[in-house]
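Novice: As given, the protein sequences belong to chains A and B, one line each in that order. Going letter by letter, the first sequence gives residues 1 to 371 in this note's numbering. Going letter by letter, the second sequence gives residues 1001 to 1094 in this note's numbering.
Wrong hints could be hidden among the right ones.
[As the list claims (entries may be wrong)] Here are the computed distance ranges between Cβ atoms for each label pair:
(1) Val1090(B) <-> Ala9(A): 35 to 41 Å
(2) Glu1050(B) <-> Thr322(A): 30 to 36 Å
(3) Ile1062(B) <-> Tyr132(A): 52 to 58 Å
[As the list claims (entries may be wrong)] So these bits of chain A aren't anywhere near chain B, every CB distance computed over 12 Å:
(4) Asn2
(5) Trp27
(6) Arg40
(7) Glu61
(8) Ala72
(9) Lys93
(10) Ala106
(11) Pro136
(12) Glu252
(13) Gln253
(14) Thr261
(15) Tyr268
(16) Gln301
(17) Glu305
(18) Gln318
(19) Thr322
If you're looking for bench data, these hints aren't it; they were derived computationally from the structure. All residues carry an ideal CB built from backbone N, CA and C; glycine is no exception.
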Amino acid sequence: MNKKLGLGAVESPDWYAAQEEFWKNNWTDGLPVIPATEQRVTEFLDYVRLEPDVVIGEVAERDASINAEMIAVNAVMAGCLPEYMPILIAAVKAVTDHEFHFNHLASMGSPWPLLIVNGPITKQLKMNSGLYVLGPGNRPNATIGRAMSLIMWNSMDAKPGGILRGCMGHPGRWAFCIAENEDTPWEPVHVLQGFDRNTSTVTAFPSSDGGRRMGTYYREPKAALDAVGYNVAACEMVRGVFCVLVNPYLAEQVFAKEGWTKKAAQDYLVENCRMSVRDLKTISRWGWWGDYVAKDPPPVQPGDEDHYIYQFRDPPGQEKYTDLVFPSTMNERRRGVMLVVAGGNASNLLYILRPYTVSANPVTQAIEIPK
Amino acid sequence: MTPVRFLKPVVDKKRALKLAPRLTSLKGITLGTLWDNKPHADDFLRLVSEKLAERHGVERVIARKKTYIGSLAPVPILDELASTCDAVIVGVGD
């Protein structure tokens, strides 16, 4: 690294006083951080051979940019190792990609990106894709996820007191990063998107607040997928790309063993996710984007229980209801289900993550490994 | 005690833009409104415009809309509002 670091320095009398500076200035998520010394930040930048002022991502709506130094400083603060920097660089590119639509992160719905890491880097860094995958306990998962939160906190003002207007907040905001288990017959996320299996990638998935855990007690693949589809549709019947974590036992023993590829399972869900008009009226999603907002519920009519609206496609005859159920911006974005193999290896459990309501698509970015 | 010297995680930003001069009266002005395309914000802006006309003498209203709340307004619309309006109401509404 040849250029000087550009961020200002603070001097505190000791480590505890330094922590107080972070809290006082709203530079941390509420937990203590590791103060980023110039030497440590330089080591992080040297690992990825980037000068501090190299711009990694820009968001016009915020009139803001994120450079390599900002990423390194927040990565140090979160407890990362220099080896995690390539993932963070790619993750920042993903969330500032136009397709991801950064600005939605300020929304009342409290969305937050789940980072899904694929490829050889997950094993090199010993990332967790197994038991307790959404919980704490693994250093790269925890610190990469936390670094992403701090980068957005400090560089994009995405924090309470800043632009955030989330009604409930997001439990994944502290750290939301997993690896996919690629040791099953199912095709990894990045391979289905055309990347080489030996390329490492990070996918930023714009998850809405909260998730829906479910278990299927059926072992017949279609019946199991119908149960998944029912729960996907019941997540407020929004259009977009859903993310469903499937534990490796299910992927291998229930689906792959019976000849179901991941792509076939995804296609089946796209074809079959649906909800009856009766249920749509019950969950207040019949005309929710139109004139019925804040008015009395529409009465259930005879036949509503047999009249289905399909979530991801418009079969003949459904066109007249599409605008009633789905707002236009929902219809303009990509749709479908992204299955990700993750979690413990012996259960019937899945975890459904709903996409942010009306905009944003998942973005997969290749991770550049320094040679 | 060992002193700790560390980098701030934020950029020191100075406000680059100056705020426009504040109006002292709304009488006879041209008011712009920019709807963010969220449901009912158009109703709200229409109501506010009517009230401002009734109570404060706003002369003319130019109502425009964005394609989506999270997107920047198209430059031609910004130019039009900036060149024709004395004041513009923008905001977020559901």
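Novice: Work down the list of hints and note, for each, if the structure agrees.
Specialist: Status of the hints after comparison with the structure:
no.	hint	verdict
1	Val1090(B) <-> Ala9(A): 35 to 41 Å	holds (38 Å)
2	Glu1050(B) <-> Thr322(A): 30 to 36 Å	holds (33 Å)
3	Ile1062(B) <-> Tyr132(A): 52 to 58 Å	holds (56 Å)
4	Asn2	holds (18 Å)
5	Trp27	violated (5 Å)
6	Arg40	violated (9 Å)
7	Glu61	violated (6 Å)
8	Ala72	violated (9 Å)
9	Lys93	holds (19 Å)
10	Ala106	violated (8 Å)
11	Pro136	holds (22 Å)
12	Glu252	holds (40 Å)
13	Gln253	holds (42 Å)
14	Thr261	holds (35 Å)
15	Tyr268	holds (31 Å)
16	Gln301	holds (24 Å)
17	Glu305	holds (28 Å)
18	Gln318	holds (22 Å)
19	Thr322	holds (16 Å)
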